[in-house]
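There are 2 protein chains.
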Amino acid sequence: MTKYVYLFSEGNASMRNLLGGKGANLAEMTGLGLPVPRGFTVTTEACTRYYADGQTIAQEIQDQIYEALAKTEQIVGKKFGDPSNPLLVSVRSGARASMPGMMDTILNLGINDEVVEGLAKLTNNPRFAYDSYRRFIQMFSDVVMEIERLKFENILDDVKRAKNVEHDTELTVDDLKEVVRRYKELFRKEKGFDFPQDPRVQLMEAVKAVFRSWENPRAVVYRRLNDIPSDWGTAVNVQEMVFGNMGNDSGTGVAFTRNPSTGEKKLYGEFLMNAQGEDVVAGIRTPQSIDQLREINPEIYNQFVEIAEKLEKHYRDMQDMEFTIERGKLFMLQTRNGKRTAAAALKIAVDLVREGMITKEEAVLKVDPKQLDTLLHPTFDPAALKKAVPIAKGLPASPGAATGKIYFTAEDAVNAVKNGESKVILVRLETSPEDIEGMHVSQGILTGRGGMTSHAAVVARGMGTCCVAGCGEIRINEEEKYFIDKNGKKYVEGDWISLDGSTGNVYGEQLPTVAPEMVGDFATLMSWADEIRVLKVRTNADTPADAAQAYKFGAEGIGLCRTEHMFFEPDRIPAMREMIVARSLEQRKKALEKLLPMQRSDFEKIFTEMKGHPVTIRFLDPPLHEFLPQDDEDIAALAKEMGMSYEDLKAVVNDLHEFNPMMGHRGCRLAVSYPEIAEMQTRAVIEAAINVNRKGMNVVPEIMIPLVGDVKELKYIKDVVVRTADEIIRNSGIKLEYKVGTMIEIPRAAITADEIAREAEFFSFGTNDLTQMTFGFSRDDAGKFLEEYYSKKIYEFDPFEKLDQNGVGKLMEMAVKLGKSTRPDIKLGICGEHGGDPSSVEFCHRIGLDYVSCSPYRVPIARLAAAQAQVNYPREKKQ
Amino acid sequence: MTKYVYLFSEGNASMRNLLGGKGANLAEMTGLGLPVPRGFTVTTEACTRYYADGQTIAQEIQDQIYEALAKTEQIVGKKFGDPSNPLLVSVRSGARASMPGMMDTILNLGINDEVVEGLAKLTNNPRFAYDSYRRFIQMFSDVVMEIERLKFENILDDVKRAKNVEHDTELTVDDLKEVVRRYKELFRKEKGFDFPQDPRVQLMEAVKAVFRSWENPRAVVYRRLNDIPSDWGTAVNVQEMVFGNMGNDSGTGVAFTRNPSTGEKKLYGEFLMNAQGEDVVAGIRTPQSIDQLREINPEIYNQFVEIAEKLEKHYRDMQDMEFTIERGKLFMLQTRNGKRTAAAALKIAVDLVREGMITKEEAVLKVDPKQLDTLLHPTFDPAALKKAVPIAKGLPASPGAATGKIYFTAEDAVNAVKNGESKVILVRLETSPEDIEGMHVSQGILTGRGGMTSHAAVVARGMGTCCVAGCGEIRINEEEKYFIDKNGKKYVEGDWISLDGSTGNVYGEQLPTVAPEMVGDFATLMSWADEIRVLKVRTNADTPADAAQAYKFGAEGIGLCRTEHMFFEPDRIPAMREMIVARSLEQRKKALEKLLPMQRSDFEKIFTEMKGHPVTIRFLDPPLHEFLPQDDEDIAALAKEMGMSYEDLKAVVNDLHEFNPMMGHRGCRLAVSYPEIAEMQTRAVIEAAINVNRKGMNVVPEIMIPLVGDVKELKYIKDVVVRTADEIIRNSGIKLEYKVGTMIEIPRAAITADEIAREAEFFSFGTNDLTQMTFGFSRDDAGKFLEEYYSKKIYEFDPFEKLDQNGVGKLMEMAVKLGKSTRPDIKLGICGEHGGDPSSVEFCHRIGLDYVSCSPYRVPIARLAAAQAQVNYPREKKQ
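Protein sequence lines, in the order shown, are assigned to chains Z and L. Just so we're aligned: the first sequence equals residues 0 to 878 in numbering that gives the first Met the number 0. Just so we're aligned: the second sequence equals residues 0 to 878 in numbering that gives the first Met the number 0.
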């Protein structure tokens, strides 16, 4: 028979999956001999069973609960429901991972009309007894029975008004009795039956409520955002109540073994004498600092310090503890590894190693890679932020804090900067590739439409620029250059706003920002991560500036340099357009000749910035229509500029129209149609490499052909590349190595990777497109239905943010295996957005990739995630 | 050492892959002791080696060729290049499969300035000798040396003009000598060296030319159209010349053992006395029927008849033979299985079984399934066709012959039919789903744009309607309702045209058509196919009429009934649109209520037509914007009709806009967003099944959920289906079985088929979408670059027509294996366009599918292909 219920004395910290975090730690503390109120845990498996049984608690589980309850009664010498010596309990949820959004706590469970009387006598405090009863009815009705909390508040207010008092504490015992009477009356009216007087019924209903809360909408959303599977379930902890509000020798508090904001090694916390936990939270009385407990009760203080030290040593991590003092006796109610800021996490991890408490490997596991993000971007001055009121909220698409004057077109933004404006925010309905330059010069980007993976979001994250996307609360009028906030206030060109890319908040004013602090502990921890990891980390960078930034962040090369972004620059796009509208090979070659020196010089700069580290250059990828305007007015203007007729240019635009541009004439298909493009790009890469190598560098450029689905496509283009490159190298008289490889971003490429590896010297997984094709939806369009998928629990996460290991991942594993079967030393990497996502980095490590490549601002995150992957899944180091 | 050259006496018919068809048959005939001029074959492997060696013939191959030549000289007692007793040879290509487009023949090779003199003496016919030399120089220069043929013709014309004669035959020996002199002069001028006098050089250059011709553009195109891999290569046959033009006791001819048009068992052919092969082809003299040979030379005739019978018995198939009579002696130059019309193929196959020559299994292999197509559609009266001149040519997108009056909008076509017009042809730039009804009422469809897999082509093939697509030679003006043909002639609404869907020809007149003949042999052969095959054949049918047609053609059920086509009908689309613009669940349900009875009644009719055979109904699939107009004028009109404002309707249209509709909000994603649609469709299916079963049928409907990529999507919708269906069945009081399954058309579905099979009772491979997603291109857009892919030999076939077994096929195999691992008895089918393609049908048979489903007009093709697959790859029959 499965054991569904464990006494605290039967468990330990290693049983976290079964007992939840809270339960496992209560058991561990009990085992350590610490003063823990006794109780038991109903396991996470009972929760899973509850759902499997159609949301009922099986009889055998009920039996085990009652059995554990009986044992607890025996140990503590009190009896559940016995007015003369009542056992009261708290009921709390506790999942494997700490998870807000679920039911938290029901206190004082076990009170009924008789017990309340006994309690009054025992404590000699009828007010306390009835106040507890009142609170219990309200909490139970709200949380367990789902009666609106407000209705109880209204009764309380009624009574207070009738008595003409302001605070609850001014009510008399009789007033409280009246409140209890009306609460029970309300309960009966709402539910059609009396408030349950049987404590066993109270208990079982509370357990059910905890189980139900696992599927709260808020809990579901939290799980999705934090990669927690829905089949984990939550445990339920039932624990003897102890009271911190039994007089001045009682109290309650919380404390951390180290400062959770700074990481400083010093007990940090606060407490209130004669109070219960809620009072500390409610903020009516000001809590005292934990230091002051030393003066009030040195004996308790010393005992607590000793326990805290013991716990930190035991768990080898900073602890977050809850305690209660009941009539001069200390009880530990909870301990857990404390949440902390990124800065604190770094300091604590480094300090613990220096204190000899943990190894470097353990230290790198103690910092959440995603948290580093906050250290890599400017933030708002917290004081100013506290006072500021958001005027709207959008999606936190790219972190950071930005403040600047608003402009409504990329051109206006660029001109403003040219005219000396240093802080600009670009406000658009949505952005397109033509806006790139405007996005580049802006401190932040605000869009009215689009999701976390919209063009604005993806590009902004790539640039490390703050972005709030899909802000539907404001109405943007691009033509007339203004927007209206949710309160109806109008903002015009040049007005100041501020964006918080970490929360999605938009502020209608200029807020001061503080620069990111790159403290020493950060550097130390990253150096340990670098020692440990075997997975290399490269960056996706299209410009020398991005490359330089990424190099500073520790990038070991460029995994993806998109050549088309260069073509959008205002000095280049005319030649690009000339190439597109060319009617003959000669015209096209002439236009390409103009682009050649620009590309070559870009590559020279990028090679130089990367100081000889490998640079993977992807050849032209997007459909050509992206380089031409789409609306008639712009077409007319461009036609005039290019000296051609409107009709002719319009015909080109029409001809380039595609029903599904994502699946159209792009990627290597362009080079198959126009090999002269690949020829020009090869020339630019190879000549640039020769030029910098002449100056003493040792660049080995990697040419990457995108969107390959068949080895013959790759072969055709590779032949052009090799012919062109070898001729240039021969004529140069110097030696140059280079590699030709491909992206694996089409399912067919993954399936036929053994064939493709015959020609490809490296694979780079383009998991953005691979995810789109594997799922059969485009990320531009999926936003419309993915919300529905999350709310209906069909998807638990966004496959564009976190790699779909079960589907896309299987294709990747297949490609790795097939690729190595043909070419055992094939170089393997990833350059999709997933390259900067910690769980995806771990996956890439596990399937044996050589490197991940991500945007510059995610490089430190990937370095840490790669180290964690190596600690958790050790792989042999290549030499 | 590899043997690259075989004497005819060293080979046999089984060595076709190595020796090519022609070479293998020459060897076989030699082995049979038939009178075959001696010679040898250079193998297909030598051709492959030639390309591998950078288009050179390796020394070892040259050595083997000269060795074989020496042996041949010995056998025939003549010597290559010896003026006193010269051996002349023909050089001919011969691939595994008969393949027009390659170099055919060089005759008389071995002549030079000396040999010509010897030949003149030996034959006592200097005119013959110099005429042969002249022809040889011209043929060799043209075919081997790529000198323009016209330049030689000009010289000949020059000489004739100078001599003031009209025919070549009027030229004297001296004239011919002059022609030879000037030919050689031209050769020297063009090539910079003398015409090769060394017969061995002539031979080696001719062999190379044959190898080169394997990559002729025409040969490449032919291979693509006929699924011939490019790595097969061609063999070269070198054979002693015999001369049919050595006087009246000489002659040459071709004959079939049975009539290739009708299949009648009677020698069929023609010959010319005192002539060479070219003369028969040139058509200057009228050949005589083979029967007349009996009168001219009964001995030779009888010998030939005996050989013909021997060959037919030997090959157990109708033979196509070439022969030459040299001075009263018969020589066989070639035999091969003869090409034949579909009708002849059927008759011959059935007759051969009846004659006891072959088994039924062999008989089904003798008919090319694709050929049946011509028997299933009306054709033009051959006499009328002979006289007609096409006004343009497009792509033969859907076979058949159509004649009718032209209309330029679907609406006009519908109205014309309503007004009593019985023959209508719809002419459009391109068609869209809104044109369905107009396409339905038309005899044929002509489009100006789009490829073999454009909307018009796919839908027309599905309907069995004749279609010529992508006819760029005409200029269509839809607005003003006319088109201009390639000669500038204008055709307006109501003018007659005719379309040949098998050739792509368009005629500017009314041509008479003849109905398809379903002769008895057809039925007999199909019944044998049905006895043999294990793969079931279903049809894709959306209407009762299609279902009835398919049933007549032998469909054993419906594999794909697309429910959305029903919604485009004019009486339904208003309710559909009402559903789409609904702002609330209630409004949507109200609109769905209107659609319910229409759907139900459609399903009742379809079930009835299929007489209890399984019917798979696919739930709503296309993106909703397809049901709404896109241009502003139409939107305004519809808004008025629907009683809503233009702005509101325009907002709905904008909201439904997608960047990549193929990868957007469609398929099961619609039902996830609007489960009430699935509910209504379930209701319609289940109620219809109950209604017909009440009348004594036994329908087991199969509900198919499209575009599933994750088991949870399927589960979510299946829950809706099952809940709805079970309630209806319970209330009906009768028993009804039904199945719920899914399409496998998203790569992720194939990869996770084990999970999906937990919920799916059947899989149907939607290989249209699966091909798109696996290759990463949409078939609407791929037309733009696929031509380039063919011409650059990156693709050898259209993956939308023939299943890509190497990529898409691997995903299918994976899905079959994974699906069966979870659910061993899962039902497996295919409903993409590939279900009617013979090579794809064979693949489906091999990987173990239970059925293929194709358009009604392809059902007989699939039945035959399935039987052939079973003969070639026997599979156990399920009971």
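It cannot be assumed that every hint is accurate.
Any copy will do: because identical chains look the same in the list, a pair fits if it lies in one copy or spans two.
[Unchecked claim] Straight-line alpha carbon distances no greater than 25 angstroms define the calculated SDA-like cross-link-like pairs of lysine to any residue that follow:
#, residue 1, residue 2
1, K589, P381
2, K809, P823
3, K649, S431
4, K816, I846
5, K593, Y550
By construction, these hints were calculated from the structure, which means they are not laboratory data.
The hints, checked one at a time:
no., hint, result
1, K589 <-> P381, "neither (56 angstroms within a copy, 53 angstroms between copies)"
2, K809 <-> P823, "both (19 angstroms within a copy, 23 angstroms between copies)"
3, K649 <-> S431, "both (20 angstroms within a copy, 23 angstroms between copies)"
4, K816 <-> I846, "both (9 angstroms within a copy, 23 angstroms between copies)"
5, K593 <-> Y550, "neither (30 angstroms within a copy, 64 angstroms between copies)"
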